[in-house]
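K.L.:
Given the coordinates of chain A, assemble chains B, C and D onto it according to the supplied hints.
Protein chains in written order, with our numbering: chain A, 404 to 715; chain B, 75 to 379; chain C, 13 to 297; chain D, 4 to 247.
Just so you know, the hints here were simulated from the structure itself, not pulled from any lab data.
Model, not experiment: these values are computed from the prediction.
In this text, a Cβ means the ideal position worked out from N, Cα and C, and glycines have one as well.
Be aware that one or more of the hints could be misleading.
To be verified - Stretch by stretch, here's where chain B covers chain A in the computed footprint (C-beta under 8 Å, at least three residues):
#1 456 to 462
#2 565 to 579
#3 635 to 645
Claimed, not checked - Pairs of lysine to any residue residues, derived as SDA-like cross-links and limited to a Cα-Cα distance of at most 25 Å, are as follows:
#4 K269(B) - Q121(C)
#5 K99(D) - D216(C)
#6 K681(A) - L282(B)
#7 K89(B) - L592(A)
#8 K189(B) - T98(C)
#9 K269(B) - T278(C)
#10 K154(C) - A419(A)
#11 K87(B) - Q594(A)
#12 K373(B) - A419(A)
#13 K60(C) - P283(C)
#14 K681(A) - M495(A)
#15 K132(C) - D249(B)
#16 K132(C) - K87(B)
#17 K681(A) - K269(B)
#18 K189(B) - L592(A)
#19 K189(B) - L456(A)
#20 K99(D) - S78(C)
#21 K87(B) - T606(A)
#22 K99(D) - D166(D)
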Amino acid sequence: MATRTKAPTTTELVQAAISGRKTDVVGTLVALGLLVTIFVSLGVLVTLLADMLIKGWSVFAERGLDFVTSPLSPDPAKAGLSQGIFGSVMLMVFVVVVAFPLGVGAAIYLEEYAHDTRLTRFIVANMRNLAGVPSIVYGLLGFTVFVQLLSGVTNGRTLVSGGLTLAVLVLPIMMITASEALRAVPEALRQASFGVGATKWETIRHQILPVALPAILTGSVLTVARAFGESAPLLLAGAVLSNFFSAPAGTGFATLVTEADYTALPIVVFNWARQPQKEFIAITAAGIVVLLVMLLLINGAAIYIRDRTSRK
Amino acid sequence: MTTAAIDLSGDPKRKRRERRVRVVFQAAAVFSVLVSAAIVLSLIGKALGFLLEIDLSQLWADGWFPRRGRFDLRTIIWHTLVVSAIAMVVATPLGLGAAMYLSEYASPRSRRILKPTLEMLAGIPSVVLGFFALKFITPNVLTTIFPGTQQSNLLAAGIGVGILIIPLVASVSEDAMRAVPIALREASYGLGAQKWRTSLSVVFPAALSGIVASLILGLSRAIGETMVVAIAAGATGGSLLQVNPLNGGQTMTGAMASLAIGSDQVVGEAGTFDSLFFVGLLLFFMTLALNIASERFVKRFRQRY
Amino acid sequence: MSEPMNRLVTTPAAVGDSASNVASAAEPSAVFSVTDLNVFYGDFHAVKDVGVDVKEHEITAFIGPSGCGKSTVLRCFNRMNDLIETARVEGSVRYHGVDLYGNDVDPVQVRRHIGMVFQKPNPFPKSIYDNIAFGPRIAGFKGNMDDLVESSLDRAALWDEVKDILNQSAFALSGGQQQRLCIARAIATSPDVLLMDEPASALDPIATLRIEELMHELKSDYTIIIVTHNMQQAARVSDRTAFFNVSLNEKGQRTGHLVEFDETGTIFTNPAETATEDYITGRFG
Amino acid sequence: MDTRDTGSIGTGNVVHRHHDETRHHFSEILDEIRNGMVEMGSLVVENARRASVALVENRLEMVQGIIDGDKEVNQRYAELERLTFETLARQQPVAKDLRFLVSSTRILYELERTGDLVVNIAYIVNDLHGLPASAQLRSLVERMAAASCDLFATAITALGDLDEVVGRRLDADDDVVDELVEAFYEQIGKEREVIGLEAGIALNRLGRFWERIGDHAVNIGENTVYIVTAEFPGDTHLALRDED
Numbered sequence: 404m405a406t407r408t409k410a411p412t413t414t415e416l417v418q419a420a421i422s423g424r425k426t427d428v429v430g431t432l433v434a435l436g437l438l439v440t441i442f443v444s445l446g447v448l449v450t451l452l453a454d455m456l457i458k459g460w461s462v463f464a465e466r467g468l469d470f471v472t473s474p475l476s477p478d479p480a481k482a483g484l485s486q487g488i489f490g491s492v493m494l495m496v497f498v499v500v501v502a503f504p505l506g507v508g509a510a511i512y513l514e515e516y517a518h519d520t521r522l523t524r525f526i527v528a529n530m531r532n533l534a535g536v537p538s539i540v541y542g543l544l545g546f547t548v549f550v551q552l553l554s555g556v557t558n559g560r561t562l563v564s565g566g567l568t569l570a571v572l573v574l575p576i577m578m579i580t581a582s583e584a585l586r587a588v589p590e591a592l593r594q595a596s597f598g599v600g601a602t603k604w605e606t607i608r609h610q611i612l613p614v615a616l617p618a619i620l621t622g623s624v625l626t627v628a629r630a631f632g633e634s635a636p637l638l639l640a641g642a643v644l645s646n647f648f649s650a651p652a653g654t655g656f657a658t659l660v661t662e663a664d665y666t667a668l669p670i671v672v673f674n675w676a677r678q679p680q681k682e683f684i685a686i687t688a689a690g691i692v693v694l695l696v697m698l699l700l701i702n703g704a705a706i707y708i709r710d711r712t713s714r715k
Numbered sequence: 075m076t077t078a079a080i081d082l083s084g085d086p087k088r089k090r091r092e093r094r095v096r097v098v099f100q101a102a103a104v105f106s107v108l109v110s111a112a113i114v115l116s117l118i119g120k121a122l123g124f125l126l127e128i129d130l131s132q133l134w135a136d137g138w139f140p141r142r143g144r145f146d147l148r149t150i151i152w153h154t155l156v157v158s159a160i161a162m163v164v165a166t167p168l169g170l171g172a173a174m175y176l177s178e179y180a181s182p183r184s185r186r187i188l189k190p191t192l193e194m195l196a197g198i199p200s201v202v203l204g205f206f207a208l209k210f211i212t213p214n215v216l217t218t219i220f221p222g223t224q225q226s227n228l229l230a231a232g233i234g235v236g237i238l239i240i241p242l243v244a245s246v247s248e249d250a251m252r253a254v255p256i257a258l259r260e261a262s263y264g265l266g267a268q269k270w271r272t273s274l275s276v277v278f279p280a281a282l283s284g285i286v287a288s289l290i291l292g293l294s295r296a297i298g299e300t301m302v303v304a305i306a307a308g309a310t311g312g313s314l315l316q317v318n319p320l321n322g323g324q325t326m327t328g329a330m331a332s333l334a335i336g337s338d339q340v341v342g343e344a345g346t347f348d349s350l351f352f353v354g355l356l357l358f359f360m361t362l363a364l365n366i367a368s369e370r371f372v373k374r375f376r377q378r379y
Numbered sequence: 013m014s015e016p017m018n019r020l021v022t023t024p025a026a027v028g029d030s031a032s033n034v035a036s037a038a039e040p041s042a043v044f045s046v047t048d049l050n051v052f053y054g055d056f057h058a059v060k061d062v063g064v065d066v067k068e069h070e071i072t073a074f075i076g077p078s079g080c081g082k083s084t085v086l087r088c089f090n091r092m093n094d095l096i097e098t099a100r101v102e103g104s105v106r107y108h109g110v111d112l113y114g115n116d117v118d119p120v121q122v123r124r125h126i127g128m129v130f131q132k133p134n135p136f137p138k139s140i141y142d143n144i145a146f147g148p149r150i151a152g153f154k155g156n157m158d159d160l161v162e163s164s165l166d167r168a169a170l171w172d173e174v175k176d177i178l179n180q181s182a183f184a185l186s187g188g189q190q191q192r193l194c195i196a197r198a199i200a201t202s203p204d205v206l207l208m209d210e211p212a213s214a215l216d217p218i219a220t221l222r223i224e225e226l227m228h229e230l231k232s233d234y235t236i237i238i239v240t241h242n243m244q245q246a247a248r249v250s251d252r253t254a255f256f257n258v259s260l261n262e263k264g265q266r267t268g269h270l271v272e273f274d275e276t277g278t279i280f281t282n283p284a285e286t287a288t289e290d291y292i293t294g295r296f297g
Numbered sequence: 004m005d006t007r008d009t010g011s012i013g014t015g016n017v018v019h020r021h022h023d024e025t026r027h028h029f030s031e032i033l034d035e036i037r038n039g040m041v042e043m044g045s046l047v048v049e050n051a052r053r054a055s056v057a058l059v060e061n062r063l064e065m066v067q068g069i070i071d072g073d074k075e076v077n078q079r080y081a082e083l084e085r086l087t088f089e090t091l092a093r094q095q096p097v098a099k100d101l102r103f104l105v106s107s108t109r110i111l112y113e114l115e116r117t118g119d120l121v122v123n124i125a126y127i128v129n130d131l132h133g134l135p136a137s138a139q140l141r142s143l144v145e146r147m148a149a150a151s152c153d154l155f156a157t158a159i160t161a162l163g164d165l166d167e168v169v170g171r172r173l174d175a176d177d178d179v180v181d182e183l184v185e186a187f188y189e190q191i192g193k194e195r196e197v198i199g200l201e202a203g204i205a206l207n208r209l210g211r212f213w214e215r216i217g218d219h220a221v222n223i224g225e226n227t228v229y230i231v232t233a234e235f236p237g238d239t240h241l242a243l244r245d246e247d
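In isolation and in its complexed conformation, chain A is listed as follows:
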């Protein structure tokens, strides 16, 4: 407190108390530290991408499109991705055809029809937990149910088994995504629709789905992207794990899907990655580059769909 002789004015006291923009050392350090963490993470990403490009560059430079169109081969100089790409694309078709309608349908039932009973809560909790089950466990399911139990339908180790396995894997995620999209639709919209005498289905079809669709579609495409990169369950669901297989020339499309051996892009990468020969490093990296480019395309599709549907 001030002395009696020379009393500072209130203004001086206030001035002294609120001034002094000391550089906040702790604050700067904290901000810097946080910034470093995020750039380390991004740095890893950049390093990874650069490493793949560097390692795989020679393959593209020397072989060009031949690398993408050639079949598997034990000889790294000849081995290509065509079977892997075909397998992956067909697997995605299964995922879309099976998991999308089931997941969205189940979500609609649970969000719009089912009452909030113990059973529905149990189902929802179940789906959430299933979404967190390690993917290799789904491989066990695929092996037991699709490869062995239903081999009469799936013909064992075929694209059908693999596709159904991946579809089951993404089903809970599809459902959760769709549920969240439906839950984001304002309750007022439902009430307004019921208020003018619409039935439940009319409300869903004309009011709720149009609003929720962009989010459902975007989420679904992202889910498909996740399935595209998935390999652990396919190890068990019958994908070919050697560096060579072939179907007889002229095999029909239907036979290729329902009866022939198959593999997928990530599985091809996995097989190559395990090879001890140095020559495989380059084609593994090149295969990864192709895999990442295809993932980028799928994610781009998600962004495109979101932009298009939400503009309406």
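P.N.:
What follows is chains B, C and D alone, placed relative to chain A:
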């Protein structure tokens, strides 16, 4: 004039259609439930079969050598824990730091760039990270620091898994931090707290249960991650209990992958292949417990705000 | 009761201190003196040419329709607008004669002297005790924290209700109690001024009246500025009322400006401006 | 003031030390208005008693003091009326508080009019240069004034205590004043020859003034009853609101 009686019974066609639609959606939901039942049943059946087939003392045998009928759970569980612990050591500071930066410090513009970039990391398939761990992290990073590093080792796998779960930890805990009401930050600023103090003393504790949930979820993912360990930790048949993370070792998922790879030519003692299901069931329950725990924390967080 | 830790301005309770007593005699009695205040958010001119004087130990109320800039002006008094990146403040806001937007003024310090209570009760998710102790702790309070917590809660008329549950979560309290906790939390840093941004708008009528009563008691120790959308509240609690209104500027944007500033009795019984009368009688627009 | 009234006006019972009650600031304002009215009423009663003394004892020198005394009453009136209106505008009173404030504006009017009547009486003292010597007339004036003043004082007490029972009784008590006024008029008629026309008229007005003061007292009592019970006794208040 009298008013005609009003018919409130409704159009029967419309009513039939409503019922049909409902049944379709219900079927979809029921099917989804059946799938989950199928998973558990297919696991439990074969896992029990495995337990009946083998000499139970082999679950505490010396090392994990399924083809020789030695199924030492301690080995693979310990290795799983080592890999997960390393992953958490990598992902916790990086994930939480990134989350706090994005939630509290980043300007809307830099957030719009940084966040999707970070999410790209989440989109990298695990085979890719496995290869990256095996052919970049181990030779270029680890052998430089620790010259004795084996070509396949738990440390590289742990780092790879850690990188894989950074975006998960970051995004869940960023959600939690952003869900902390602006009002709390304003209250803190209003009391004369600086930004760093507000972030660390107000936002972080307020989001704590969500952050814990993100870490548990990350741990669950780390335990269940297969391809990175299969490629980088040495999933080649059997393994002995390993304390040094610079050596290779078999984790639970690694063991499963290696059995799966050999699935069409697995020969050996009884139960060799079926051990896959037992380990799978174990994995299922471990991750289930973690996921439920994580859900609890998220729920506690949601109730608060 | 513990010593106020960073009080600058004498209150009647502290009149014994001759030094600042002499000082304040020479000062203008206005705690805040605002002239030509203009606030922009980017290109948007939010508040135009506001001038008000806020007197010590009075309750000054800001009323007006939504978008009239009353909260924006309030947030200039403790530089909360600094937290919005695009915000820009022109004109002068003098606090006991010191320009709050002067070059060497640290907004963090400003906020330690000018407390704020917000629209919705916003206790930290901590115990009641830690909520009160947060402000003093970050300001480096060295005295007896227990005493400070008790005196702050007592002044906010909450001590009797919470003295046995100090370690429980603040969320256990009712909305009205939470808001009084927030007031106690603001008091704990010994501010000179309390800014209240619609402090009762999230509360039920009885809790609202209790907050208003509390304000009456607090005004002997603090200068209070309250923003309220509820003009009856302004009528009930304040000594002076500033009425803000919205006008469309040449770009078609809604800009707030001050219409009338006078004693509350005058504003509510015989306002000078037609716009004020139209607003308080509900004939607005 | 360390003790705080609870709740709204008039309950008078004590006294929570802290914050168990809400709106005691408002209660304080209501008390201020009530006390102000009681003080104002007391001033009027005192002035009326002084006028009575001036009349009966022929004290012309007291007249100016009575006139000046009413200035204080008028000033209180202006202040309290402003406060009442401001309180109505600022506090959104309801129920009993609303009845009290609305009735206050009426009661203040009654008080102010009574004060004016007292001044008129003082002017009559001036005009008459003292009362005629008739002992009967003098005694009637004294009793009439005393009854009227007592009645008014009772009304103020009823208001101060918000005593419904006393307030209700005033109407009956006013009959005493009315009877004395009646007797006064009769006595004026008997002594008309002696008094003369001009003084007769003045005395007539005097009777009327004291009677009106009694009526104002009754009105204050009825408003008091209204504040407490929300009803006017006997539904008579409209009939009573005729001109002076």
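K.L.:
Run every hint past the structure and note whether it holds.
P.N.:
Going through the hints against the structure:
1. 456 to 462: violated (count 1)
2. 565 to 579: Holds: 4 residues of the stretch 565 to 579 of chain A have a Cβ under 8 Å from chain B.
3. 635 to 645: That given contact holds, which follows from 4 residues of the stretch 635 to 645 of chain A lying within Cβ reach (below 8 Å) of chain B.
4. K269(B) - Q121(C): 13 Å, holds
5. K99(D) - D216(C): Holds. K99(D) to D216(C) sits at ~22 Å (cutoff 25 Å).
6. K681(A) - L282(B): 47 Å, violated
7. K89(B) - L592(A): 22 Å, holds
8. K189(B) - T98(C): 22 Å, holds
9. K269(B) - T278(C): 43 Å, violated
10. K154(C) - A419(A): The hint holds at about 20 Å.
11. K87(B) - Q594(A): 23 Å, holds
12. K373(B) - A419(A): 48 Å, violated
13. K60(C) - P283(C): Given that 25 Å is the threshold and the Cα spacing comes to 21 Å, the pair holds.
14. K681(A) - M495(A): With a Cα-Cα distance of about 32 Å, the restraint between K681(A) and M495(A) is violated, given a limit of 25 Å.
15. K132(C) - D249(B): 22 Å, holds
16. K132(C) - K87(B): Measuring from Cα to Cα gives roughly 51 Å; hence the hint is violated.
17. K681(A) - K269(B): 52 Å, violated
18. K189(B) - L592(A): 32 Å, violated
19. K189(B) - L456(A): 23 Å, holds
20. K99(D) - S78(C): 34 Å, violated
21. K87(B) - T606(A): 17 Å, holds
22. K99(D) - D166(D): 14 Å, holds
The structure does not agree with the numbered hints 1, 6, 9, 12, 14, 16, 17, 18, 20 stated previously, though it agrees with the rest.
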